[in-house]
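Order-wise, the sequence lines are chains A and B. Everything in the first sequence is counted per numbering that gives the first Met the number 0, starting at 0 for the first residue and increasing by one. Everything in the second sequence is counted per numbering that gives the first Met the number 0, starting at 0 for the first residue and increasing by one.
There's no promise every hint is true.
Think about it this way: if two alpha-carbon atoms lie no more than 35 Å apart in a straight line, the pair counts; the simulated DSBU-like pairs of lysine-lysine are [to be verified]:
1) B:24 - B:1
2) B:1 - A:4
3) A:113 - A:76
4) B:24 - A:60
5) A:3 - A:109
6) B:69 - A:109
7) A:113 - A:3
8) A:113 - B:97
9) B:97 - A:76
10) B:69 - A:3
11) A:64 - A:109
12) A:64 - B:97
13) A:109 - A:76
14) A:60 - A:113
15) A:4 - B:69
16) A:81 - A:109
17) A:81 - A:60
18) A:60 - A:3
19) A:113 - B:1
20) A:64 - A:113
21) B:1 - B:69
22) A:60 - A:4
23) B:69 - B:24
24) A:64 - A:3
25) B:1 - A:3
26) B:69 - B:97
27) A:76 - A:4
28) A:4 - A:64
29) A:76 - A:3
30) A:109 - A:4
Stretches of chain A that chain B covers, calculated by requiring three or more beta carbons in the stretch to come under 8 Å of a beta carbon on chain B [stated by the list, open to error]:
31) 38 to 50
32) 93 to 103
The hints are simulated quantities; they were obtained by calculation from the structure and are not laboratory data. Positions of the beta carbon are idealized from the N, C-alpha and C atoms, including for glycine.
Chain by chain, the residues:
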Amino acid sequence: MATKKFMYLNRRSSFGTVYAIESLEVVLIAAAFEQDVSLAFMDDGVYQIVEGQNSDGIGMKNFSKTFHALGDYDINKLYVSKESLEERGLTESDLMPLVYEDEDDDWAEKPSIKIVTNDELTAIMSEQDVCLSF
Amino acid sequence: MKFAIQVNEGPYQHQASDTAFQFAKAAIENGHEIMRVFFYHDGVNNASRFTLPPQDDRHVVNNWASLNIKDADGEPELVVCIAAALRRGMLDESEATKNSIEGNNLHPAFRISGLGQLIEAGIQSDRLVVFGD
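One chain only, chain A, in its complex shape:
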């Protein structure tokens, strides 16, 4: 099957709407299709990968830990908007330490998250074949 560049664009926070958990579900299902996958987090979407989420009080599943599994599915390009973080008073240290093992580098553990400016994100988006927005 042809390989295309798929980007999943996440613009909403973890809870409040169904989109964050749906996006993650699609990413995991789509992993079986072995495409070139990247994720982008901008606007309130940056909240999805903040460390230490707790949804006990709202009766919803805390699915944020599932992001740690992405590395095992060869999904290791997670682009986060620098401007969106700054607008919300967040820094990279507030985010989950998501990593993957690089098979081309003796399985060294490397960070999956890359902070990029909106200009850089625009350039990355324009390289994609398919962009699914959540």
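Please build the complex by placing chain B on the supplied structure of chain A, with the hints as guidance.
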């Protein structure tokens, strides 16, 4: 060009489904192919055969059905996401029987299937066009 379409919103509340329909109709009229329409999130509500708008309003469900979007074997390519559909009470005969529920509401021009069909559409089409917020 070979298009795939994704519809994320239900009928009548949001214009997304109408706009997607107009786009699909225009594309077909201009010699393009719509290989699949994937109904996701509240978009699954576009597939209810119980939809009864007032007489002076457009019929969103029948509009979709009128496009006759099928594969080479005559199977409908108006595809409704199964997880989104079952959550919202959108059932075909097989799902109703499986879950011991009387009655079913899926319009026969549509079929229920999984999210893999959306990814496959993204791979096989020249463009995947998304309608909705």
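Right, here's what the structure says about each hint:
1. At roughly 13 Å between alpha-carbon atoms, residue 24 of chain B and residue 1 of chain B fall within 35 Å of each other, so this suggested pair holds.
2. Using a Cα cut-off of 35 Å, the hinted pair residue 1 of chain B and residue 4 of chain A holds, with the two alpha carbons roughly 18 Å apart.
3. Of the supplied pair hints, the one linking residue 113 of chain A and residue 76 of chain A holds, its CA atoms being roughly 7 Å apart against a limit of 35 Å.
4. The suggested pairing of residue 24 of chain B with residue 60 of chain A is violated, with an alpha-carbon distance near 40 Å, which exceeds 35 Å.
5. Straight-line distance between C-alpha atoms of residue 3 of chain A and residue 109 of chain A comes to about 24 Å, which keeps the hinted pair within the 35 Å bound.
6. Proximity of residue 69 of chain B to residue 109 of chain A is assessed by CA-CA distance (about 46 Å); at most 35 Å being required, the pair is judged violated.
7. Our distance criterion of 35 Å between C-alpha atoms is met by residue 113 of chain A and residue 3 of chain A, whose separation comes to about 21 Å.
8. The hinted pair formed by residue 113 of chain A and residue 97 of chain B fails the criterion: a straight-line CA distance of about 45 Å is larger than 35 Å.
9. Only pairs whose Cα atoms come within 35 Å are accepted, and residue 97 of chain B paired with residue 76 of chain A is rejected, the gap being roughly 40 Å.
10. A distance of roughly 25 Å separates the Cα atoms of residue 69 of chain B and residue 3 of chain A; the hinted pair therefore holds under the 35 Å criterion.
11. As the CA atoms of residue 64 of chain A and residue 109 of chain A are separated by approximately 18 Å, the hinted pair is consistent with the 35 Å bound.
12. With a C-alpha separation of about 33 Å, the suggested pairing of residue 64 of chain A with residue 97 of chain B holds against the 35 Å cut-off.
13. Between residue 109 of chain A and residue 76 of chain A the CA atoms are separated by roughly 11 Å; this keeps the pair inside 35 Å, and the hint holds.
14. A hinted pair counts as satisfied when its Cα atoms are at most 35 Å apart, and residue 60 of chain A with residue 113 of chain A qualifies at roughly 26 Å.
15. The suggested pairing of residue 4 of chain A with residue 69 of chain B holds, with an alpha-carbon distance near 27 Å, which does not exceed 35 Å.
16. Of the supplied pair hints, the one linking residue 81 of chain A and residue 109 of chain A holds, its CA atoms being roughly 20 Å apart against a limit of 35 Å.
17. For the hint linking residue 81 of chain A to residue 60 of chain A, the alpha-carbon distance of about 28 Å falls within 35 Å, and the restraint holds.
18. With a C-alpha separation of about 32 Å, the suggested pair residue 60 of chain A and residue 3 of chain A falls inside the 35 Å cut-off, and the hint holds.
19. At most 35 Å may separate the alpha-carbon atoms for a hinted pair to count; residue 113 of chain A and residue 1 of chain B meet this at roughly 34 Å.
20. Between residue 64 of chain A and residue 113 of chain A the alpha-carbon distance is near 18 Å, which keeps this suggested pair within the 35 Å criterion.
21. Using a Cα cut-off of 35 Å, the hinted pair residue 1 of chain B and residue 69 of chain B holds, with the two alpha carbons roughly 14 Å apart.
22. Restraint check for residue 60 of chain A and residue 4 of chain A: satisfied, since their Cα atoms lie roughly 30 Å apart, inside the 35 Å limit.
23. The suggested pairing of residue 69 of chain B with residue 24 of chain B holds, with an alpha-carbon distance near 14 Å, which does not exceed 35 Å.
24. The suggested pairing of residue 64 of chain A with residue 3 of chain A holds, with an alpha-carbon distance near 27 Å, which does not exceed 35 Å.
25. The hinted pair formed by residue 1 of chain B and residue 3 of chain A meets the criterion: a straight-line CA distance of about 16 Å does not exceed 35 Å.
26. The suggested pairing of residue 69 of chain B with residue 97 of chain B holds, with an alpha-carbon distance near 25 Å, which does not exceed 35 Å.
27. Among the hinted pairs, residue 76 of chain A with residue 4 of chain A is consistent with the structure: their alpha-carbon atoms are about 11 Å apart, no more than 35 Å.
28. Distance hint between residue 4 of chain A and residue 64 of chain A is fulfilled; the C-alpha atoms sit about 25 Å from each other, no more than 35 Å.
29. Distance check on the hinted pair: residue 76 of chain A and residue 3 of chain A sit about 15 Å apart at the alpha-carbon level, within 35 Å; holds.
30. With a C-alpha separation of about 21 Å, the suggested pair residue 109 of chain A and residue 4 of chain A falls inside the 35 Å cut-off, and the hint holds.
31. Counting residues of the region 38 to 50 of chain A whose C-beta lies closer than 8 Å to any C-beta of chain B gives 0; at least three are required, and the coverage claim is violated.
32. Against chain B, the region 93 to 103 of chain A contributes 0 residues with a C-beta closer than 8 Å to a partner C-beta. That does not satisfy the three-residue criterion, and the hint is violated.
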